[in-house]
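*Asks:* Residue numbers (this note's numbering), protein chains in the order written: chain A, 1 to 304; chain B, 1 to 315.
Don't read these hints as lab results, they were simulated from the structure. Be aware that one or more of the hints could be misleading.
Straight-line alpha carbon distances no greater than 30 angstroms define the calculated DSBU-like cross-link-like pairs of lysine-lysine that follow [said to hold, decoys possible]: (1) LYS80(A) with LYS203(A); (2) LYS295(B) with LYS264(A); (3) LYS96(B) with LYS140(B); (4) LYS310(B) with LYS268(A); (5) LYS131(A) with LYS80(A); (6) LYS310(B) with LYS295(B); (7) LYS16(A) with LYS96(B); (8) LYS267(B) with LYS264(A); (9) LYS284(A) with LYS271(B); (10) LYS80(A) with LYS97(A); (11) LYS284(A) with LYS267(B); (12) LYS15(A) with LYS190(A); (13) LYS295(B) with LYS268(A).
Derived list of chain A stretches under chain B, where covered just means 3 residues or more per stretch with a C-beta under 8 angstroms from a C-beta of chain B [claimed, not checked]: (14) 232–241; (15) 244–253; (16) 270–276.
Quick caveat, the model's predicted, so the values are computed rather than measured. Glycine residues also receive a C-beta, built at the ideal position from the N, C-alpha and C atoms.
Below, each chain spelled out in residue letters.
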Amino acid sequence: MVRYVAGRDIHDFRKKMRVTQKKLAYGICSISTLSRIESGEQMPARKLAEALLTRLGQPPELYDLPLTRDEYLRNILEAKMSRSLSLGTGELTDLLKAYREIPTEPDLLEKQHYLCLKTIDDALHGLSPDKAFASFLETIRISIPGFELTYDLDAYLFSRVEQLCINNMAFSLHDMGNIGETIRCTEFLKAYYERTPMNEYEKGNSLLRTLSTLSDCAGISGDIARALALAEEGIPHCVRYSNLLFFYLNFYNKGFSLASLGRKEEGKEYVSFALDMLRESGSKDLHLYVDDANTLFDNCFTEG
Amino acid sequence: MPAYLIGETIREQRLRRNISQEALAGTSSICELSDIENGTAMPSRKTAELYLSRLGVDLSIMNIPLTQADCTRIHIENELFIRINGRNFNFGGLLKAYREASDTLDSLEQQLYETMDAISQFQNDSPDGRQLETLCTTFKTSLRRSIPTYDFTSPSITPYLSFTERLIVYYHALTCYALGRRDDAVLQLEAIASYYRERLSGRFDKTTLCAFVLQTLSGWLLDSGDAAAALRYAEEGSRTCFELDQLLPLPPLFYTRAASLALLGRKDESKRYFSLCFSMMEVCNGHGKTAHCAKEAEARYGITCSYCGKNKTGE
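Only chain A is shown next, with the shape it has when bound in the complex:
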């Protein structure tokens, strides 16, 4: 009899995290299905394996799943989309189109992944933040029925896509001007990442994103000391995971905070470094950062 090894990993990681089958399977498969997957009798569908593994804080290693050609193509596109998203390469719209054009009917979790990324792309192209927020909420409810942002750390485990939805709900709240709620939402994610025994690399990158958002929000809401502390907390993580983008964004926040606390000369060096780096990277958002910096530093920065 064939036994599939993917289930063994899921079983081991679940035991290590001391999570019940009920909690892990919530909303995505029945307990008896999870049992069969764990014992190797049943092969999980591609996105189900991914959701189970990422809910356990592990990267989705899907090596021995017998995939169809369309599933294989979707998998490649999903990897490209997440890279495009983290590097801001502006290719998301085209990748989503290619994803849509794959003929086989997507399963529910593939639809969820698509909707999440589609909403992110729409939000980048002018969808109003309250509509985006509602769309992310609907999307997350595909796999977690009745989900609300109640910030209960013990209620659910979140897959990578579910985390992405929550993270983007925080961004929508930010764009609606609701800074208090953005902070609550992001603090919730930060606490979730810190207490979940995740794969270290996954954890590092997720933490960096939440620290950076929190530092932004703390600055906007006037808690400058906290904004500074959060930016400084992020920097060693960047060195550890060799993350360049958040490195200079943290420098930007650090400089901004230092200047707001009266250490203007020192702060200016950090902001000036960050702007130089944004220029080097060819970022399309450079002018936004320059404009922002000029409000604090008497128009001394230019885009050129």
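Given the coordinates of chain A, assemble chain B onto it according to the supplied hints.
*Replies:* Then chain B, alone, in the frame of chain A:
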């Protein structure tokens, strides 16, 4: 619907890139590759990885039956590559666990194992001349497990190289350089750099090793006094770091870039890159090392610059 077999994946990706079976298989058996593509033979985990990574394809899906030992080794390999990217060469018990995951290592697993072992010795043990010779030979024989005819002396890089193979060529060049065969080492790295430029030009094909290759190469060219070439590689390397979102290779790349600019008489630009370099080093390498390098820049290139953290007083 039938599963999409690994062989079809390999064939489709190969044809999309217009690569012949001969070129992809290199000196290993073309019959074997044909059989895999036709679905009459199932490749081992590492053989599938070899072909896919030579094609620059994402490796996370393979469609092949795995054993528990394969899974264990996949996790360990991922961890090893993450450590190399983070410049952490303390592989701890990982190699032992890798070996012990099953009774045997196949030839490609053996290649990975001995490469990683040699890398850790090279980086951690400050090897002397005799030990360096041994490591150099290890890298050479290790590469020849998968490419029996690879020519290190005139590396025109005709064969396609997997990620592990590129890593071996890189470290082979590093040991050659440490042994004083500098021109040789530069040639070998230039071959790898052009491999990245020409064969893996897609945004999603490159791996972080590319940035380290360019960093090393530009540093060597600077040392040999060829400022123009050093600058070219440093610029390419910095672009790669932004493209791949890689922090760690960037400070040394900016250093080389600034130093080459200074030698070429472009003082203002030089000052700018020294300043960016030291702002990053201050965090990545600490205040002492940064202050030391800043002094060196002043003495050697006549450039004085300010940077984040320069004036900090015993924090």
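*Asks:* Are the hints correct? Go through all of them and say.
*Replies:* Quick rundown of the hints versus the structure:
no.	hint	in the structure
1	LYS80(A) with LYS203(A)	holds (20 angstroms)
2	LYS295(B) with LYS264(A)	holds (26 angstroms)
3	LYS96(B) with LYS140(B)	holds (22 angstroms)
4	LYS310(B) with LYS268(A)	holds (13 angstroms)
5	LYS131(A) with LYS80(A)	holds (26 angstroms)
6	LYS310(B) with LYS295(B)	holds (12 angstroms)
7	LYS16(A) with LYS96(B)	holds (22 angstroms)
8	LYS267(B) with LYS264(A)	holds (27 angstroms)
9	LYS284(A) with LYS271(B)	holds (25 angstroms)
10	LYS80(A) with LYS97(A)	holds (13 angstroms)
11	LYS284(A) with LYS267(B)	holds (28 angstroms)
12	LYS15(A) with LYS190(A)	holds (23 angstroms)
13	LYS295(B) with LYS268(A)	holds (23 angstroms)
14	232–241	holds (count 6)
15	244–253	holds (count 4)
16	270–276	holds (count 3)
In the structure shown, no violation is registered for any of the earlier numbered hints.
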